[in-house]
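Note that UniProt numbering has the sequence shown beginning at 1, numbered continuously upward.
It is possible that part of the hints are untrue.
[As the list claims (entries may be wrong)] DSBU-like, lysine-lysine: derived pairs with alpha carbons at most 30 Å apart:
1) LYS276 x LYS264
2) LYS274 x LYS287
3) LYS32 x LYS274
4) LYS264 x LYS31
5) LYS32 x LYS61
[Claimed, not checked] The calculated label-pair distances, taken between Cβ atoms and stated as ranges, are:
6) SER278 x GLU256: 29 to 37 Å
7) THR54 x GLU106: 34 to 42 Å
8) GLN185 x PRO280: 26 to 34 Å
9) GLU283 x ASP16: 29 to 37 Å
10) ALA291 x GLY25: 18 to 26 Å
11) ALA253 x ALA291: 35 to 43 Å
12) PRO280 x ALA161: 22 to 30 Å
13) LYS276 x LYS37: 30 to 38 Å
14) ALA253 x THR39: 29 to 37 Å
15) MET209 x SER57: 44 to 52 Å
Hints listed in this document are in silico derivations from the structure and should not be mistaken for laboratory results. Beta carbons: idealized from backbone N, C-alpha and C, even for Gly.
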Amino acid sequence: MLTLPLYEFVRQMRSDYRAMIPMAGEPDVIKKLETRKITLSAGRRIEVRLYTPTNASQQGKLPAILFAHGGGWVSGDLDTHDVLARAMANGTGAMVVSVAYRLAPEYPAPCGIEDVYGALLWIYGNAVTLGIDNQRIAVAGDSAGGNIAAVVSRLANDNQAVTIRAQWLMYPVADLDLTTNSFSQYGETNFPTLEVMKNVMACYIPRGMELDDPLLSPAHAKLAGLPPTLVSVGSYDPLADGCIAYVDALQKAGVEASIRIFEKQQHGFIQFFKDKTSHPEGEAALKEGLAFLKEYL
1 MLTLPLYEFV
11 RQMRSDYRAM
21 IPMAGEPDVI
31 KKLETRKITL
41 SAGRRIEVRL
51 YTPTNASQQG
61 KLPAILFAHG
71 GGWVSGDLDT
81 HDVLARAMAN
91 GTGAMVVSVA
101 YRLAPEYPAP
111 CGIEDVYGAL
121 LWIYGNAVTL
131 GIDNQRIAVA
141 GDSAGGNIAA
151 VVSRLANDNQ
161 AVTIRAQWLM
171 YPVADLDLTT
181 NSFSQYGETN
191 FPTLEVMKNV
201 MACYIPRGME
211 LDDPLLSPAH
221 AKLAGLPPTL
231 VSVGSYDPLA
241 DGCIAYVDAL
251 QKAGVEASIR
261 IFEKQQHGFI
271 QFFKDKTSHP
281 EGEAALKEGL
291 AFLKEYL
């Protein structure tokens, strides 16, 4: 049972994130933008937004990128990450499918995971209609969306449902251990602070789930067989050590994985890549991530 202060926290998080949309800059022109409701296998309907890149031709199938937005599992939507999704489409030549998954606390774990995984199966099953090649699908996500993307990538591998070609995770919540050095160093001052993390975790994690559950902390999953992975994170991000632990675990499991730590950058710097004053490394990190995806697609 959530307390009123937590509900107020969620309301403020959602309001603040919506207010930050202009900070992402002007959206790039793309060839086609379509928002539609899709029906998942369980009969549940969710909204997705399809981004067709400017260089898409009438002939030939496009690769696809499944994208899960950030927002601490409690906030964020298709609009908060519209500028980033457009840049991803144009920068890779792939169709980006951004998913409006259900949010906590109304829908705690694993609801959001189920939605994004369901969207992956929908993309795969509707490839002909969408004009995509279902053998060239990658996943991407930022922050809490990076967490969900990593979990979905593992589920696809475990279930042998869809072959994921690569995953690009931007400052993901890879491990829910809040006692790391990066949290000790930056957790009081830099977003996401310890207080924010404790609040979103209280909203997202249902009673009975342990923090090291693979559905919550990707770093604690069985990772063998996962696709090539790039993790991008700022050195001032409290989540940095969790990202490092995840990549270390991937490498020990035999996965081709690397991490890029961008000096003096804070959480969210890629999403706001057009603000070069506040996030000077955002554009470079974006280009690197898109080049990585393009290589495998």
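Does the beta carbon distance between GLN185 and PRO280 stay inside 26 to 34 Å, or does it fall outside? Hint violated: Cβ distance 21 Å, outside 26 to 34 Å.
Range first: 22 to 30 Å. Now tell me if the beta carbons of PRO280 and ALA161 are that far apart. Cβ of PRO280 to Cβ of ALA161: about 40 Å, so the range 22 to 30 Å is violated.
Does the Cβ distance between ALA291 and GLY25 fall inside 18 to 26 Å? Holds - the Cβ-Cβ distance for ALA291 and GLY25, about 21 Å, lies within 18 to 26 Å.
Starting from the hint 29 to 37 Å, judge whether the C-beta atoms of ALA253 and THR39 obey it. Distance hint for ALA253, THR39 holds at roughly 35 Å.
Cβ separation of LYS276 and LYS37, checked against the hinted range 30 to 38 Å: Hint holds: Cβ distance 36 Å, inside 30 to 38 Å.
Is the hinted pair LYS274 and LYS287 satisfied, with a Cα-Cα distance of at most 30 Å? Since the Cα atoms of LYS274 and LYS287 sit roughly 12 Å apart, the hinted pair holds (cutoff 30 Å).
Using the Cβ atoms, figure out if THR54 sits within 34 to 42 Å of GLU106. At 37 Å between Cβs, range holds.
Cβ separation of SER278 and GLU256, checked against the hinted range 29 to 37 Å: 32 Å, holds
For the pair supplied as a hint, LYS32 and LYS61, is the alpha-carbon distance within the 30 Å limit? Status holds; Cα separation ~15 Å.
Does the alpha-carbon distance linking LYS276 and LYS264 stay inside the 30 Å limit? 13 Å, holds
Between the beta carbons of ALA253 and ALA291, is the distance compatible with 35 to 43 Å? Since ALA253 and ALA291 have Cβ atoms about 24 Å apart, the given range 35 to 43 Å is violated.
Using the beta carbons of GLU283 and ASP16, state whether their distance is inside 29 to 37 Å or not. 24 Å, violated
In this structure, the hints that do not hold are numbers 4, 8, 9, 11, 12, in rising order.
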